[in-house]
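Protein chains in written order, with our numbering: chain A, -14 to 44; chain B, 52 to 273; chain C, 2 to 246.
Because the hints were derived from the structure by calculation, they are not lab data. One thing to keep in mind: the hints can contain errors.
Computed footprint of chain A on chain C, listed as stretches where at least three residues anywhere in the stretch have a Cβ under 8 Å from a Cβ of chain A [what the hints assert, rightly or not]:
#1 106 to 116
#2 219 to 225
On the chain A side, residues computed to face chain C include the following (Cβ under 7 Å) [unchecked claim]:
#3 F(-6)
#4 A(-2)
#5 T2
#6 L9
#7 R17
Just so you know, even glycine gets a beta-carbon here, dropped at the ideal spot from N, CA and C.
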Amino acid sequence: MALGSHAAFIVAAYLITAIVVLGLTVWVIVDRRAQARALADLDARGVRRRSEPARARTA
Amino acid sequence: MMPLAALFLRDIRLAVRIGGGAVMGVLFFLIVVTLVPLAVGPDLALLQRIGPAILWLGALLASLLALDHLFAADYADGSLDVILTARAPLELAVLAKAAAHWLTTGLPLVIAAPVLGLMLNIEPKAMAAVTLTLLAGTPALTLIGAVGAALSVALRRGGLLLPVLVLPLTIPVLIFGVAAANAAIVGPTPFGTPFTILCALSLASLAIGPFAAAAALRHGLE
Amino acid sequence: MALIDLANPTRFLNLANRCLPWLAGLTAVLFAAGLYQTWFVAPDDYQQGATVKIMYIHVPSAWLGMFGWTLMSIAALGTLVWRHPLADVAAKTAAPIGAAFAFLCLVTGSLWGRPMWGTYWVWDARLTSVLVLFLMYLGMMTLWRTVEDPSRAGRAAAVLTLVGAINLPIIKFSVDWWNTLHQPASVFRVGGPAIDRSILLPLIVMVLAFTLLFVTLHLAAMRNEIMRRRVRTLRLQQAGAGAGG
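Given these sequences and hints, build the entire structure.
Here's what the structure looks like:
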């Protein structure tokens, strides 16, 4: 897989794509942790949704 | 029809009296057109070439910035609620307001364009073409902008949000407006092709704009 | 399971929790296959050489940029017409992901353009249309960011999304027209009229992989957004209880 004279451009394109996709993934995961923590925090303080009196969240 | 006529006349009266924004748009237009030669240099040949584009950009910005208050003032003093609950369809009320707005801010821009064109060294024949394209295109700008104005009332946010949301939608009008003006000056395409499309864009925004703006107001204020 | 069953956010969360690992796994497998194909199997283009490899990420990104707005438009109908409670969650979370792929399309396009055209950016019709699409995504994200109340932002965003959906083909048409006016000869076309099978197959795999990636990210982001709204509701409830008691 010789990339020829334009190797830098090809590698840069794949690298930027990888960075952006990774960034989106990290954003989703970090956001999920933050929301789960906030929910657990509220849960611990006894603030619950009426529909879920005893929360057994796997999240 | 009476309530709509009353609304139309009221908006015109509000725009031309003290505190109204009728003259402001033209003044802004004048300043933008003055700034361009200061930025690109006083080369008359260059200004003549890019003149139609400058006039179109100036008119686009002036008509959009003036739109910020199309519904905001009515929302602030509560008359928007009266319009919303009135028996006349909201779409037609939006249309009446947009028409009044165009007459008080869009039309002055069209009238001012030939005068400003003199400063940019645009020939009379070309000037007629630019004025004609502005006459055909500014209603589309007002109607597209009305959607943005309705959104900014629904969101209770003004300022830069309106142009950020609306400017991308005005790209076709800008392209065909400037293209028609340039076609009349340098060719090679005939004036008719882009001008007809420009008119079609105005008609399309006439058909879509009031409905979208009314939907934004209804959903935003319920 | 009908769409109406998913109106219950808890049921949707359960479904998302069950689907996401599978989706993520399938995405990874497809990407492995697609990347292997593009890097070790697919031949170089006789004109463009190895730079044709950029196409395998450029074309899927362009597709997902448009896919994102289509998804938002369907969600906008869901908000305005059917009042589906998850529709504006779907619309809100699709915007940043769609914007990311429109951005990737622009970046890979200009990285592809540099060896082909000799410059990073040309006002090529396709690139310009995607640029406008990207700007509209950014406008949409600003709209979501400026308004605190999600349901009000949702309805305004829905109206704007639909106006944008009507406008996008017109913008595409006018930019194409403008482009032929200023640049009579097109510099190059993606693939040309007949794409060879040796290139088409990896491209299809990559498009599928990217689409699954979008769906996975979107589902995960929707799950986060539902949780964020729960946190918001609970906090408001708590604040209300505190003020009331």
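Checked hints:
1. 106 to 116: Three-residue rule met by the region 106 to 116 of chain C, so holds; n is 6.
2. 219 to 225: holds (count 4)
3. F(-6): Interface hint status for F(-6) (chain A): holds (5 Å vs cutoff 7 Å).
4. A(-2): Cβ of A(-2) (chain A) sits 4 Å from chain C, so the hint holds.
5. T2: holds (5 Å)
6. L9: At about 5 Å, which falls below the 7 Å cut-off, the nearest Cβ of chain C leaves the hint on L9 (chain A) intact, so it holds.
7. R17: holds (5 Å)
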